[in-house]
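Engineer: Going down the list, the protein sequences come from chains A and B. Reminder that position 104 of the first sequence reads as 90 in the working numbering, one-by-one numbering, no gaps. Each number in the working numbering comes from the position in the second sequence (counting from 1) with 1359 added on.
Hint data in this document are derived by calculation from the structure and do not stem from the laboratory. Among the clues, some could well be false.
[Unchecked claim] To spell it out: a stretch of chain B is covered by chain A in this simulated footprint if at least three of its residues, at any positions, have a beta carbon under 8 Å from a beta carbon of chain A; those stretches are:
1. 1424 to 1430
2. 1465 to 1472
[Said to hold, decoys possible] Sample of chain B residues at the chain A side, in silico, Cβ under 8 Å:
3. 1374
4. 1398
5. 1400
6. 1533
7. 1547
8. 1567
9. 1568
[Stated by the list, open to error] List of simulated lysine-lysine pairs, DSS-like, C-alpha gap at most 30 Å:
10. B:1508 <-> B:1477
11. A:335 <-> B:1438
12. B:1438 <-> A:527
13. A:101 <-> A:12
14. A:527 <-> A:487
15. A:335 <-> A:101
16. B:1438 <-> A:533
17. B:1438 <-> A:277
18. A:532 <-> B:1438
19. B:1674 <-> B:1691
20. A:12 <-> A:480
21. B:1691 <-> B:1672
22. B:1674 <-> B:1508
23. A:335 <-> A:527
24. B:1627 <-> A:57
25. A:527 <-> A:101
26. B:1688 <-> B:1672
27. A:177 <-> A:101
Only a predicted model underlies this, so the values are computations on that prediction, with no experimental measurement involved. We put the CB at the ideal spot given by N, CA and C, even for glycine.
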Amino acid sequence: MAAPTTAADLVVAPSKPEDNYLTHDKGILSWIFTLDHKRIGLMYLVSVLVSFALGGFFALVVRTELLTPGKTLITHDQFNQAFTLHGAVMVFLVIIPGIPAALGNIILPLQLGAKDVAFPRLNLMSYHLWVLGALFLLASMVISAADTGWTFYVPYSTSTTTAVIPAVFGAFILGFSSIFTGLNFIVTIHKLRPPGMTWFRMPLFLWALYATAVIQVLATPVIGITLLMLIVERLVGLGIFDPSLGGDPVLFQHFFWFYSHPAVYIMIVPAFGVISELICAFSRKPIFGYKFIALSSLAIAFLGFLVWGHHMFTSGQSVLAGAIFSAITFLIAIPTAIKIFNWLATMYKGRIHLDTPMLYALAFLWVFTIGGVTGVFLATMSVNVHLHDTYFVVAHFHYVMMGGSITAFMGGLHYWWPKFTGRMYPERAGRVGAILVFLGLNFTFFPQFILGTRGMPRRYYNYLPEFTGLHQFSTIGAYILGAGFLLTAIYLLKSVRSGPKAPANPWGATTLEWTCQSPPPYYNFHEAPVVNRGPYDNYDKLRFDKKSRGYVPAE
Amino acid sequence: MSSSLIANIAAQPPQPQSPASPDYWMPFPASTVAGEVDWLYDFIFWLSTAVSFAIFAVMILFAVRYRARGREENELADKTSEHNTALEITWSVIPLFLVIAIFVWGFKGYVNLRTVPKEALEVHVQAQKWSWLFTYPNGYTDTELHVPKDRDVRVVIQAVDVLHSLFIPAFRVKMDAVPGRYTDLWFNATEAGTYPIFCAEYCGTAHSDMLSRVIVHEPGGFEAFLEQAQDLEKQMPPAELGEQLYRRQGCAACHSVDGSVQVGPTWKGIFGATHAMTDGTSVVVDENYLREAILEPQARIRQGFPPSMPTYKGKLEDYQLTALIEYIKTLK
Ligand code: HEM
Ligand SMILES: [Cu+2]
Chain A
-13 MAAPTTAADL VVAPSKPEDN YLTHDKGILS WIFTLDHKRI GLMYLVSVLV
37 SFALGGFFAL VVRTELLTPG KTLITHDQFN QAFTLHGAVM VFLVIIPGIP
87 AALGNIILPL QLGAKDVAFP RLNLMSYHLW VLGALFLLAS MVISAADTGW
137 TFYVPYSTST TTAVIPAVFG AFILGFSSIF TGLNFIVTIH KLRPPGMTWF
187 RMPLFLWALY ATAVIQVLAT PVIGITLLML IVERLVGLGI FDPSLGGDPV
237 LFQHFFWFYS HPAVYIMIVP AFGVISELIC AFSRKPIFGY KFIALSSLAI
287 AFLGFLVWGH HMFTSGQSVL AGAIFSAITF LIAIPTAIKI FNWLATMYKG
337 RIHLDTPMLY ALAFLWVFTI GGVTGVFLAT MSVNVHLHDT YFVVAHFHYV
387 MMGGSITAFM GGLHYWWPKF TGRMYPERAG RVGAILVFLG LNFTFFPQFI
437 LGTRGMPRRY YNYLPEFTGL HQFSTIGAYI LGAGFLLTAI YLLKSVRSGP
487 KAPANPWGAT TLEWTCQSPP PYYNFHEAPV VNRGPYDNYD KLRFDKKSRG
537 YVPAE
Chain B
1360 MSSSLIANIA AQPPQPQSPA SPDYWMPFPA STVAGEVDWL YDFIFWLSTA
1410 VSFAIFAVMI LFAVRYRARG REENELADKT SEHNTALEIT WSVIPLFLVI
1460 AIFVWGFKGY VNLRTVPKEA LEVHVQAQKW SWLFTYPNGY TDTELHVPKD
1510 RDVRVVIQAV DVLHSLFIPA FRVKMDAVPG RYTDLWFNAT EAGTYPIFCA
1560 EYCGTAHSDM LSRVIVHEPG GFEAFLEQAQ DLEKQMPPAE LGEQLYRRQG
1610 CAACHSVDGS VQVGPTWKGI FGATHAMTDG TSVVVDENYL REAILEPQAR
1660 IRQGFPPSMP TYKGKLEDYQ LTALIEYIKT LK
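Same shape as in the complex, but just chain A:
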């Protein structure tokens, strides 16, 4: 498939190298009202990382409370608020926007060789809505933080005295932000591909963002309406979900998971995209099974709409409905497994560089495998009855969301950090951080599989003394994890000021974002590059240049 390249599409573009998107305009307003996708992406990135620190803080509070079976630190109610805030912040403010809106915003137009996304103003509006939604979530925190869990199940959420409405309204607004980003990405990928870039010459990260965007646009309105109905029910007592008003609480669960199962693919499909980029770039080989990976993202996105009932096997749902949900869930598991095989096959006979991004990619393969196989336990109906709403589920979704989405996010962050900031992060510290995160992840969440299997229910403030040892093990793991992220935060921040200047292409990757300088100029490319090859061809046309510590076209 590899047509010979003209050197033109690998040439570094700038005319005035000192001018880049970071220095092009000055002043705070030039950021707040910028239409530049890179600046918007960077603002998303900072916001997501700050939210991650906040969500991480609540996680450590929760884990610390669980060091002893009784009270350790806080009260019943404070504990319930802490785990609710942890979940809501991590899901709505970190993982959902993390890869698409933060990393994707910067990288998507660059990988297309485009100047910007299709609708820059809509892009800015997405970010402003995100900030507004986040403020509502925080407002709930200040007034009297919601204690419903991130799932907002009725009738508890319509009867508790905490500030549920601001939190739910925040999630409602964040939904719009997510829809707008999705819409923007779909149009951008359809319309702004450069000459010669056919669908099957797109980098897999773009395929992943495309599939994600489709889910965002189709699924998010459902949660929007559901949350609105919840607010109306709470405000004026309309009986939709509350049985004492003639409603049906199980209906809420159907609506909620009709969005939230597809939402888990909003969280993981972009991660798949990042991992495909990393495995290729650091094995220096084209991907194995390009078309399968590209199209299976779309298939997963579609099938993901048909499995929501696997969260409700013990809700009294009919056996037939349960069987259909279970069967489709198993079907989705297979393309997911095959992707892992594809990534391994890509590494086969590669030349593998174990830099920090690749360590995160390998950590992803490990941790996501465990997350995936434990999904199979949960999809098995009779076994699910025992495991549902226990720590087993908690461990499963942390392995896939923390271990999958966040690990991929960290990998992508390090991979593109030179492009975003124009600086290299310190490699040795990066590796130590990645290893700490990997160890912390497994120490924290593996014991929770055992806890759940033994019958420890989730969302418990007190627990039976027989569970103490495993809980303490888990808490220590969480501290290791915290240390890993703290270290990462410190060296990344330092590198912004004092890191060595980054070359245009430090990793020798072949996708288009590496052909413009680091950081990219304001308009990215002087003219749209012409693409006549697959995204991962031409590793042999690049040569490492010792002086700039980056790759340049081989003569």
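For chain A, the structure is supplied; the task is to place chain B with the ligands on it using the hints.
Structural biologist: Just chain B with the ligands, lined up with the frame of chain A:
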């Protein structure tokens, strides 16, 4: 038997504890379905372990074997094909057959869990924040679940306020309690003993304290227990029984006896007092008012409190009502 029985009824239910299990992962198996569920769990467990370790091994092998020497060396990857139809079909079809098998076994097990055998002994349970109340066929009520060994038992589940979920790990059963509808689960206990009961669906402040125990009696022991338990209550001084009912029936979740205000008014010192009602009238708290307040709590609502108390009509026998009223009278 009978002295331990009194202790059993009188004491605040002790913290439940699981018996030691022969398995590191699964809790002690004590029902007819446990074996089947555990078998399937173990099958998936070993299959997953094998697949995961194979993936880890290949990954580590490749990362070591094909590790590049350094960027300066400018090594190029060996050319390998970007497709291999035989390989790709193998790794798609084998997992497909495996998951079909797992699905079918899981489905069969689930059908079994959801198909209640005929002639099962029926126990009703009412879930409310944050207690369980089991009602037996003879009308006796208890916060703990007593069942006979080797007999099918159906638990009919009902929730008063929000969602709860009845979870008995030793039996591998769980079912949500949903306000406004009945759900049920069944089991057949195979080992006498006591096992923990948890609330598995988050229900607010004291969700993690909504614990109870299931007590599996040897054959014959269950019937004897039910008869005695009812009689024992009748032989107790009413105020003493009232104090136990206060805790066992879940009154304690909303009413204090020390003067502190919780969801509902405290019971301390209310007998004989005069209270203002939301309809503007005022009431002297006497036996008849208390009776009405327990059986028809919505009839008159005391000012400053939400109308959130459930009715206890049909849940308390007359002598139990009297006992509760006598108990309230002692709280000066
Ligand atoms: C092989 C793939 C997977 C399978 C078969 C699978 C299956 C399941 C099942 C059956 C449940 C319901 C468990 C219960 O509540 O009883 C579940 C829960 C969950 N899964 Fe997965 N899953 C898979 C992958 C993922 C991925 C990739 C993500 C997200 C990145 C994810 C996120 C979640 C979350 C968030 C929950 C529980 C949410 C909650 O109850 O709060 N899963 N999974
Ligand atoms: Cu799901």
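Engineer: All the hints need checking, so say for each whether the structure fits it.
Structural biologist: Structure-based check of each hint:
{"no.": "1", "hint": "1424 to 1430", "result": "holds (count 4)"}
{"no.": "2", "hint": "1465 to 1472", "result": "holds (count 8)"}
{"no.": "3", "hint": "1374", "result": "7 Å, holds"}
{"no.": "4", "hint": "1398", "result": "10 Å, violated"}
{"no.": "5", "hint": "1400", "result": "5 Å, holds"}
{"no.": "6", "hint": "1533", "result": "5 Å, holds"}
{"no.": "7", "hint": "1547", "result": "15 Å, violated"}
{"no.": "8", "hint": "1567", "result": "4 Å, holds"}
{"no.": "9", "hint": "1568", "result": "6 Å, holds"}
{"no.": "10", "hint": "B:1508 <-> B:1477", "result": "17 Å, holds"}
{"no.": "11", "hint": "A:335 <-> B:1438", "result": "8 Å, holds"}
{"no.": "12", "hint": "B:1438 <-> A:527", "result": "14 Å, holds"}
{"no.": "13", "hint": "A:101 <-> A:12", "result": "20 Å, holds"}
{"no.": "14", "hint": "A:527 <-> A:487", "result": "24 Å, holds"}
{"no.": "15", "hint": "A:335 <-> A:101", "result": "37 Å, violated"}
{"no.": "16", "hint": "B:1438 <-> A:533", "result": "29 Å, holds"}
{"no.": "17", "hint": "B:1438 <-> A:277", "result": "19 Å, holds"}
{"no.": "18", "hint": "A:532 <-> B:1438", "result": "26 Å, holds"}
{"no.": "19", "hint": "B:1674 <-> B:1691", "result": "27 Å, holds"}
{"no.": "20", "hint": "A:12 <-> A:480", "result": "22 Å, holds"}
{"no.": "21", "hint": "B:1691 <-> B:1672", "result": "26 Å, holds"}
{"no.": "22", "hint": "B:1674 <-> B:1508", "result": "26 Å, holds"}
{"no.": "23", "hint": "A:335 <-> A:527", "result": "19 Å, holds"}
{"no.": "24", "hint": "B:1627 <-> A:57", "result": "28 Å, holds"}
{"no.": "25", "hint": "A:527 <-> A:101", "result": "25 Å, holds"}
{"no.": "26", "hint": "B:1688 <-> B:1672", "result": "21 Å, holds"}
{"no.": "27", "hint": "A:177 <-> A:101", "result": "12 Å, holds"}
The structure fails to meet hints 4, 7 and 15 from the earlier list, while all remaining hints are met.
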